[in-house]
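Novice: Here's the letter readout for the chains.
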Amino acid sequence: MNKPVETELTQRLTQQFSPQVLQVENESHRHSVPPGSETHFKVVLVCDQFEGLRQVQRHQKIYQALASLMPSPVHALALHTFAPSEWKEQPEVPASPNCMGGSKHDKRDHA
Amino acid sequence: MDVIETIKQQLSQNPIILYMKGSPNAPQCGFSARTVQALMACGEKFAYVNILEHPEIRESLKTYSNWPTFPQLYVRGELVGGCDIVTEMYEKGELQSLVKDAVAQ
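Chains as they are written, first to last, in this note's numbering: chain X, 1 to 111; chain A, 1 to 105.
Any given hint might turn out to be false.
To be verified - Lysine-lysine pairs mimicking BS3-like chemistry, simulated, CA-CA at most 27 Å apart:
1) X:Lys88 to A:Lys8
2) X:Lys88 to X:Lys61
3) A:Lys92 to X:Lys61
4) A:Lys92 to A:Lys45
5) X:Lys61 to X:Lys3
6) A:Lys45 to A:Lys100
7) A:Lys100 to A:Lys8
8) A:Lys45 to A:Lys8
9) A:Lys8 to X:Lys61
Simulated from the structure, these hints should not be mistaken for laboratory data.
So that you can see chain A by itself, here it is in the shape it has in the complex (with noise of 0.2 Å):
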């Protein structure tokens, strides 16, 4: 299958997803790290992709997204952003009812 496709599929089939480097439980960068640590603490299912194992994954979804870097995070299928977005979003209690209502759908 074309990756753009690939993607598109994991973006349709998983309503949480994350796209990172390393896994949940063992991040290979701070960034990632950041970002795992606050969506596992909405309590929801999710989806991830370690990108370091699928460079092609890894520079599509650039492409796609507009979005050099990593991690990334999408709900429904739309980015909602990196690090610095995920973790803010986090704090001010977006992040939890953004990933509930996800869920909920």
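In isolation and in its complexed conformation, chain X is listed as follows (with noise of 0.2 Å):
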């Protein structure tokens, strides 16, 4: 199947960041979008480079290496980053929530 912004999550991810861990799971079926969608996407990302560094900064970083794609056509990012020491501790990654319809009437930029 022909994933292209999956692809290109993943490349740009793989590239900034070197993970240790990345899994990349298109969640969009979950929400009102037509089927085949790639809006929606939760990221599991374990990295050197997120030891000292708070979650908000984290997530920052990720925002940054991802600017082009989003709000459009990444509309939702749930995030889940680990300093490679937290991962060994912890590796257990919540679940997303799950849609309230609100996309119907707006396309655009939650998470």
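Mind assembling these two chains? They're in different frames, but the hints should get you there.
Specialist: Pasting the structure below:
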């Protein structure tokens, strides 16, 4: 199956962060978008760069790397970021929330 | 008033403020719903802005904070994060103390 956005996300994150763990999951099917959409993603990223950074700073780095992809085509991005030492202790990631229909009248930017 | 000035004023006048889609009682997005739920569970008063009703704030805030999505929670003028961070902090008990300290100050 053709997944241009997911491929682009994966490539950029790989280049930027040289991650030890990278999971990119398309969660678009859980939201009010057409089948096959690539709008809502969940990313789990473990890399050395995150050591010593607060969560907010880690997310800002990711948003920076993906700037031209947001808010379109990527509308929502659930981020779970770990330094390698944290990942060893607790490699568990919570599930993302389901849609509440807001995007029927609003097509942009949440997470 | 300039939009950035409005944002700065909101941040300085409200120790806890959530920029979200919808309102706390009627969130318009699952991410906003989850965030507001965690915040309400902390038991302190907070301000909110429904960014669906304020498109100019919505656009400016993204640049101001270097954060492209909503919700965005600010405590004492500083960006705490979006849904993932706020939820995680709540589960660790960190959000409760952050919020209580902000109100106590």
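Novice: Take the hints in turn and mark each one as holding or not.
Specialist: Structure-based check of each hint:
1. X:Lys88 to A:Lys8: violated (39 Å)
2. X:Lys88 to X:Lys61: holds (22 Å)
3. A:Lys92 to X:Lys61: holds (23 Å)
4. A:Lys92 to A:Lys45: Roughly 20 Å separates the two Cα atoms, so the pair holds.
5. X:Lys61 to X:Lys3: holds (24 Å)
6. A:Lys45 to A:Lys100: The hint holds at about 10 Å.
7. A:Lys100 to A:Lys8: holds (22 Å)
8. A:Lys45 to A:Lys8: With a Cα-Cα distance of about 20 Å, the restraint between Lys45 of chain A and Lys8 of chain A holds, given a limit of 27 Å.
9. A:Lys8 to X:Lys61: Holds: Lys8 of chain A and Lys61 of chain X sit about 23 Å apart, inside 27 Å.
Hint 1 alone, counting from the list given before, is not met by this structure.
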